[in-house]
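**Student:** Sequence:
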Amino acid sequence: QVQLVESGGGLVQAGGSLRLSCAASGRTFSRSVMGWFRQAPGKEREFVASISWSGGRTYAESVKGRFTISGDNAKSYLQMNSLKPEDTAVYYCNIREPGSIWSPYWGQGTQVTVSS
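Take the numbering used here: the final residue in the sequence shown is number 120, and no numbers are missing along the way.
Simulated from the structure, these hints should not be mistaken for lab results.
Wrong hints could be hidden among the right ones.
Said to hold, decoys possible - Below are the EDC-like pairs computed for lysine to aspartate or glutamate, each with C-alpha atoms no more than 16 Å apart in a straight line:
| id | residue 1 | residue 2 |
| --- | --- | --- |
| 1 | Lys68 | Glu90 |
| 2 | Lys47 | Glu90 |
| 3 | Lys68 | Glu50 |
| 4 | Lys79 | Glu101 |
| 5 | Lys79 | Glu50 |
Whole structure, please, built from the sequences with the hints as guidance.
**Tutor:** Structure below.
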């Protein structure tokens with residue numbers, strides 16, 4: 005079983021920046037994909053960004069050009085710039101092997117609130 009711990013959230017004004025961190029422990033992989041997701045009140049959890057062990061990055065259209073994901077097999081960071089009120093959500097990280105599904109185990113998440 006993998007354990008995921010997110011940190012770095014907070015309250016920021018629109019246009020501001022935050023940097024989220026994620027640490028994975030337990031059952032991690034020598035080659036992995038780490039991802040970030042978010043869930044706003046009343047909405048389903050949605051994909052934000054991912055980074056593979058080889059450095060390949062994928063972003064949701066809504067965050068392209070504003071968010072940057074980085075990290076390695078067991079740590080991930082999400083640099084969020086030009087934040088908008090619609091980015092307000094609880095942010096979660098996750099991990100999977102290439103070609104597999106995301107882990108069913110989620111961390112507690114970190115709250116990001118963007119005020120207008």
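**Student:** Take the C-alpha atoms of Lys79 and Glu50, compute the straight-line distance between them, and say whether it is at most 16 Å.
**Tutor:** Distance ~20 Å between Lys79 and Glu50 Cα, so the pair is violated.
**Student:** If you draw a straight line from the CA of Lys79 to the CA of Glu101, is it 16 Å or shorter?
**Tutor:** holds, 14 Å
**Student:** Run the distance test for Lys68 versus Glu50: straight-line Cα separation, threshold 16 Å.
**Tutor:** holds, 14 Å
**Student:** Next pair to validate is Lys47 with Glu90; report whether the Cα-Cα distance is within 16 Å.
**Tutor:** holds, 12 Å
**Student:** Are Lys68 and Glu90 close enough, with their CA atoms no more than 16 Å apart?
**Tutor:** With Cα atoms ~14 Å apart, Lys68 and Glu90 stay inside 16 Å; holds.
The structure fails to meet hint 5 from the earlier list, while all remaining hints are met.
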